[in-house]
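Residue numbers (the UniProt record's numbering), protein chains in the order written: chain Z, 1 to 364; chain G, 1 to 307; chain C, 1 to 315.
Treat the hints with care, since some could be wrong.
Here are the computed lysine-lysine pairs in the DSS-like style, where the Cα-Cα straight-line distance is at most 30 Å [said to hold, decoys possible]:
1) C:K200 - C:K189
2) C:K110 - Z:K183
3) G:K137 - G:K78
4) G:K127 - G:K98
5) Z:K214 - G:K259
6) G:K280 - Z:K206
7) Z:K39 - Z:K51
8) G:K78 - G:K259
9) C:K146 - Z:K356
10) C:K146 - Z:K180
11) G:K186 - G:K259
12) Z:K206 - G:K10
13) G:K10 - C:K86
14) G:K10 - C:K110
15) Z:K224 - C:K86
16) G:K98 - Z:K214
17) G:K137 - G:K98
Chain Z stretches covered by chain G per the calculated footprint, using a threshold of three residues with CB under 8 Å from any CB of chain G [unchecked claim]:
18) 158 to 172
19) 185 to 198
Over 12 Å on every C-beta distance to chain C, these chain Z residues come out as not near it, computed from the model [what the hints assert, rightly or not]:
20) N26
21) F63
22) H354
These aren't lab readings, by the way, just hints derived from the structure by calculation. Glycine residues also receive a C-beta, built at the ideal position from the N, C-alpha and C atoms.
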Amino acid sequence: MNSIQNIQQLREFLTVYNTLSERCFNACARDYTTSTLTKDEGSCVSQCIDKQMLVNRRFMLVFAEQAPKALFKQGEQSPTEAIKSASATKSEPVSPPESTQTAIVEEKQFVWETISIENTNFQAMSIISEHGFRMDGRRPAQIRNINTRLGLNRNAEGSCYLEHGNTKVLCAVYGPYEGKASKRLEDRCAIVCQYSTTTFSGLERKNRPRGDRKSTEISRLLEKAFESVILTESFPRSQIDIFCEVIQGDGSNLAACVNATSLALADAGIPMKGIASAATCGIVETKPIVDLTSREETDLLPRVTLATICGRDEVILVELQNRLHIDHLSVVMDAAKATCADVYECLAVVAQQHLKACAPILGN
Amino acid sequence: MEVHISDDEKLFLISGVEQDIRNDGRTCADFRTIVLERGVLSGTNGSCRVQLGQTTDVLAGIKLELESFDPAAEKEAKQPMSFHVDFSANASSQFAGKGGDQYGEEISAAFQVAFSRSLDILPNLSKTLLAEGYRWKINVDLSVLQWAGSVPDACSLAIIGALSDLEIPEVEVAPDDGGKVSIVLKRPRTGGNMRDEEVPVAMWKLDVQSCPMLLTVSKIGSANLVDCSPEEECCIRSQLLIGVAKNLNDDDYDITCIKQHGGGLLEMESIQDMTELASKTAGGLYQAIEKRLKTEEKRKPGHSFLL
Amino acid sequence: MLHNVRKEAIMSYEITGPPLVSPWMMLSMSEARNDIDETKIVIPGHSVCDAPQQFMRGHGTFIRDGEIVSSLSGVVKQLNRLLMVKTIKQRYAGEVGDVVVARVVEVQAKRWKCDVSSRLHANLPLGSVLLPGGDFRRKDVEDEEKMSGFLKNGELICAEVQQVQHDGTLMLHTRNNKYGKLQQGILIKVPPHLIKKSKKHFHTLPYGMAVIIGCNGNVWVTPALPETTLEEDGSHVNEFQTVPQDIRLVMVRVAACIRILRDYSISIFLNSLTTCYEMSQPYDIKELSDQETSSRLAYLIAARLLQELQQQQQK
């Protein structure tokens, strides 16, 4: 009985393995002039395998959930045994056929090692693959592409549209102007912030674009952060309005808002201590990952949003979500700080270029 | 940006439209240039951005939802679209907080009325009804990102754009135990060793060539105007929101709703004139939008659209 | 009837895609941009100078870790040993002597509050307006009661900045009959940094109309320059005349020209305006708001202006 099962498992594994290598070979190998893999092919192969393994792992998870139910009916195995056998199917070590390329063999063995260690933690596994890639193909410390456009909004003094990958944020700055008497401060200017998200921005449709507890909280956070960036005492009795609209949210929304706001403020010519930049970082096992997407955020992952001025040590905003082990705090903060500095470099270039384009032609 | 203008400026503007010269060089029946772009948001089932004269800027996003309803409770089939217009504070500080809610609700309600008979108007909309008690709900949400007058007109163009961009999955409905039904996404059969999950789900699109649109026609002085700027909106004596839909049978236009916005007195004859202007305008817009939808270049999904 | 015929002929609807190149990018490559020294452009937080002992820090700078750092986005200016940063784009900050176009937003006791698109509303005291009886007339309680008869909420005035108070509030005056209430016309708002300061801000153009280029970014296009004449009771003489069609068409074209200069951030002064007006002649007024036409036109205008400037410098 046992040996038959083993043979069956071996057969299953080989089918999986053969389809995998065939697929990767068809998809990735392009250059037949050398016996070794080129650099491009190598990375393609490893990403291919990552993807395949990820799918496999998802199946396993579902299987682990569903199998006990089915098996219980038959009365053959207990749930725990079913899960064990399920994972055993996966991690059966088999020596690969000799004809396959060596690169794949190495990857394979590596996979085998990590699976045995991290089998218990499916959730963490799905965020960073064995090869150190994330779901969207980024490395842990890599930020998404940042695209910006300043000065879109003709009604506002300063405005900015900013993209972090698929997160798209629009920010407008009105003022400083003589605002409502109720908000007026005699010694400095008042800052009013409003954060809202379009109803279609998230995965699920929202009913209200603003006014819920979370948006109000983020509005307050932004308000406080920028009160310490703007030199408010140079505009007594005035008011500055900052409006952020998340058009499409794909993680790190707060960080994107901070970045968009600093650019919009720079566009409006408001005196500041510097350009603020922000990043959201999380931690998987002990490895920090930066600039999270919404798929990475939905997991129960501890994450920190940090904003600094000019990429230096001056912190203007910290927000932690979920629980974080105290030992990990410094790791996350260091990663976040480094990312803020990276983001700052991007923002500074954009702001400077825009400023040049803004200067009136023949103004002198 | 609250717009105040003085009596003398109003006088100048009103005497201008009566001479058929508006402050930006248009005639009374002219629209500002319209920019329309579809497929701008990868997180939605359909999306569209419309700009009027480079300032009024509206973004529409559609999210599909599988909705169960009680067929016995509805006397006649309800149309599956619901509209929601939101004024972003980005457009103007007067919309901060609840500032834009009232106007937004008014426009949403007007769209709801203009589209109330859309099951009869749009040829293949009834396909959204999947089985007894189940249908696709089409949530059309509009966000006004920049404001310079004529929001309803921009919204209706954005709605048409987004509906034409909308892809609805094909499903197979099979009866299930206990009077229920099971709804499964349909995937075309392909050869080769593609696994089922990798085959893209078959999609279908709405036919929007007769989609209703809501136009504003304003009475300023003795003239009727379309597509008003904020300054012109200050001088409006009376404004009508007119829903127009193309009649595919006789190639003429049907009025689906008329609603007065704001106050003001109107004579019966003026209403006649204004609806005539609306259907004439709709004719031009239908042609223009059809042309644009045909010629719009395909972009890769998720491209950055404001750059 | 005549109007209807015209309508049929011109009525057109065009739906296009977004422009491939955005307006501000269009001219960023133009030669006219070369007068801006890129190395002098700073953004907040950028170091202006790392030897603070040799320089004095001026406006728009602060000291951080022994460096002079900019707090503004703008251009570094050096005056002997004084380093300062001048903003490129900012809300209007008034200077004494500026001609502004302002809108009355509130009538208070003894003064009007005016919106000059500055940080705070400007004040126009009752004592600083022209009232019948000349400068020596004392403003009494009766005048105070009639204040909204002189100027109402929402009305546009043209005034001069008399004083800038320490908190930045501007004090205006209209004690000259070229200032005062503005009547028929078109107001176009442009960012104030595009207005080039010159000796004259009132211009009667040779096309049968006039413009007032307010330093605060409000440009007023009008059939004729205001010349305030007052009735016995102090209210403005109100003679309403319909603006004839030919003059109106010129005004609308000038307004369209100002919008082009604004959209492509070309500085606005008499010469740029007339150049733009003359070069726009081949086009229909409606065409001027068209992306393609306006960008081509703006490019040519910038080139022409630059050429004229170079010729002047050679002389």
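Right, here's what the structure says about each hint:
no., hint, verdict
1, C:K200 - C:K189, "holds (19 Å)"
2, C:K110 - Z:K183, "holds (25 Å)"
3, G:K137 - G:K78, "holds (10 Å)"
4, G:K127 - G:K98, "violated (37 Å)"
5, Z:K214 - G:K259, "violated (37 Å)"
6, G:K280 - Z:K206, "violated (37 Å)"
7, Z:K39 - Z:K51, "holds (19 Å)"
8, G:K78 - G:K259, "holds (21 Å)"
9, C:K146 - Z:K356, "violated (50 Å)"
10, C:K146 - Z:K180, "holds (27 Å)"
11, G:K186 - G:K259, "violated (42 Å)"
12, Z:K206 - G:K10, "violated (41 Å)"
13, G:K10 - C:K86, "violated (38 Å)"
14, G:K10 - C:K110, "holds (28 Å)"
15, Z:K224 - C:K86, "holds (27 Å)"
16, G:K98 - Z:K214, "holds (17 Å)"
17, G:K137 - G:K98, "holds (27 Å)"
18, 158 to 172, "holds (count 8)"
19, 185 to 198, "holds (count 4)"
20, N26, "holds (38 Å)"
21, F63, "holds (48 Å)"
22, H354, "violated (8 Å)"
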